[in-house]
Amino acid sequence: MTTSPISCPAVRATAPVIASAGLVLAATFAVLASLPFVPMVEMGVVVAVGVLLQTLLVAPALLAPMMVGLRRWIWWPSRRVDDPEPAAAPDEPVLVGEERS
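If you count the sequence shown from 1, position 13 lands on 18 in our numbering, and the numbers rise without skipping.
Derived by calculation from the structure, the hints in this document are not laboratory data. Errors might be hidden in some of the hints.
To be verified - Distance windows between CB atoms, simulated:
#	residue 1	residue 2	range
1	L62	A15	15 to 21 Å
2	P70	V36	32 to 38 Å
3	P14	L58	21 to 27 Å
4	G74	L40	39 to 45 Å
5	G55	V22	27 to 33 Å
6	V43	M71	14 to 20 Å
7	I23	R77	36 to 42 Å
8	T33	P10	31 to 37 Å
9	V36	P65	21 to 27 Å
10	P41	C13	43 to 49 Å
11	I23	W78	20 to 26 Å
12	V63	V36	19 to 25 Å
13	S25	R76	26 to 32 Å
Being a predicted model, the structure only gives us computed values, none of them experimental. Note that the Cβ used here is the ideal one computed from N, Cα and C, for glycine as well.
Assemble the whole structure, with the sequences as input and the hints as a guide.
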């Protein structure tokens with residue numbers, strides 16, 4: 006199977022789990038903001054904001070397009086030796102969920 010038909014259902018299936026784990030992790034680091042030690046407050050806020058950005062922006066908005074854009078190269082380490090050489094990827098972009106002709 007190619008990357009395009011796989012990426013959309015995979016992101017749809019894993020997004021709620023990743024989002025909830027990211028929110029829990031961000032809330033855990035945000036607790037550091039309640040400490041009286043200023044460097045820990047700064048670190049807690051910065052890490053919590055970074056985790057939220059990764060969870061709510063980077064993963065859903067960039068992961069699937071990167072998988073589609075990289076096509077066969079995203080699976081590079083898992084290609085078996087006995088597999089024939091994969092066909093060259095087409096030059097035209099393919100949208101997630103769009104069927105190839």
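Going through the hints against the structure:
A beta carbon spacing of about 18 Å between L62 and A15 agrees with the range 15 to 21 Å that was offered as a hint. The hinted range of 32 to 38 Å is satisfied by P70 and V36, whose Cβ atoms lie roughly 34 Å apart. Under the hint 21 to 27 Å, the C-beta atoms of P14 and L58, about 25 Å apart, fit the expected range. At roughly 42 Å, the beta carbons of G74 and L40 sit within the given window of 39 to 45 Å.
About 19 Å separates the C-beta atoms of G55 and V22, a value inconsistent with the hinted range of 27 to 33 Å. Taken as a hint, the range 14 to 20 Å is violated for the pair V43 and M71, whose Cβ atoms sit roughly 37 Å apart. Checked against the hint of 36 to 42 Å, the pair I23 and R77 fails, with Cβ atoms roughly 24 Å apart. Roughly 36 Å separates the CB atoms of T33 and P10, a value that falls within the hinted 31 to 37 Å.
Between V36 and P65 the Cβ separation comes to about 25 Å, which falls inside the hinted range of 21 to 27 Å. Checking the proposed 43 to 49 Å range against P41 and C13 shows it holds: the Cβ atoms sit about 47 Å from each other. Checking the proposed 20 to 26 Å range against I23 and W78 shows it holds: the Cβ atoms sit about 23 Å from each other. At roughly 23 Å, the beta carbons of V63 and V36 sit within the given window of 19 to 25 Å.
Taking 26 to 32 Å as the suggested C-beta distance range, the pair S25 and R76 conforms, at roughly 30 Å.
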